[in-house]
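J.: Count the sequence shown with UniProt numbering and you get residues 1 to 190, in order.
No lab work stands behind these hints: they were computed from the structure.
Cβ atoms here follow ideal geometry from the backbone N, Cα and C, with glycine treated the same way.
Treat the hints with care, as some may be off.
[Unchecked claim] Derived BS3-like pairs: lysine-lysine, alpha-carbon spacing no greater than 30 Å straight-line:
| id | residue 1 | residue 2 |
| --- | --- | --- |
| 1 | 78 | 103 |
| 2 | 125 | 52 |
| 3 | 185 | 103 |
| 4 | 52 | 16 |
[What the hints assert, rightly or not] The following label-pair restraints were derived from C-beta to C-beta distances:
| id | residue 1 | residue 2 | range |
| --- | --- | --- | --- |
| 5 | 84 | 40 | 30 to 38 Å |
| 6 | 57 | 31 | 16 to 24 Å |
| 7 | 141 | 47 | 38 to 46 Å |
| 8 | 101 | 122 | 20 to 28 Å |
| 9 | 57 | 150 | 30 to 38 Å |
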Amino acid sequence: MQLSRMVHFHKTLGDKTRIQIISMLKAGPLHNGAIAGKLGLTPPTISHHLTKLKEIDVIYQRRDKNTIYFHLNESKLKQMAEAIIRIGGDDRFEYFDVTIEEKASVVKSFFNREGMLSHLPAQRKKRLIILEVIARQFDEGRQYAESDVNQVIKRYNSDFATIRRELIMSHFMYRNEQQYELNPKEMWPV
């Protein structure tokens with residue numbers, strides 16, 4: 001999961017009224033007027049908060065005749081809330097302890113004398129070692145445009161789109177509105 005999505009999710013939930021709405025919807029679906037009455041707020045105010053909660057897919061709506069009922073999307077809420085616990089430990093892959101000797105061996109096998117990458121290894125552990133080498137070419141705390149990221153990657157391999165995507169999926173980098181930045185090294189899988 002991208003770091004920017006997690007931040008947006010938690011920022012959206014960082015409101016007392018939204019947490020109260022989620023708590024109320026755990027008991028069952030409610031319509032806007034019922035939520036407004038229970039919280040002592042106006043229906044437009046509740047509509048604003050419901051819209052924010054729909055944006056992060058924590059609630060959904062269903063129409064019953066002329067009334068729209070809001071339901072809690074418990075599976076999405078649980079998935080997003082647990083993502084913070086898994087940060088740095090995404091279920092898609094395990095984290096590897098790699099020795100300096102292993103890293104050196106992999107780098108020697110996949111980079112030629114000119115420093116060009118022959119191809120990304122199929123084995124996940126080796127691929128992460130290669131991606132770490134490329135990720136270390138970026139400065140911490142600096143934001144990069146996509147074209148700048150591509151230029152750095154092209155120094156190693158012409159398939160910059162695949163490698164850029166792998167850097168994000170493997171948590172070496174994150175993307176937010178066409179801007180790329182390194183994740184903290186503690187989030188790196190190797």
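J.: Which of the stated hints cannot be reconciled with the structure, identified by number in ascending sequence?
T.: 1 and 2
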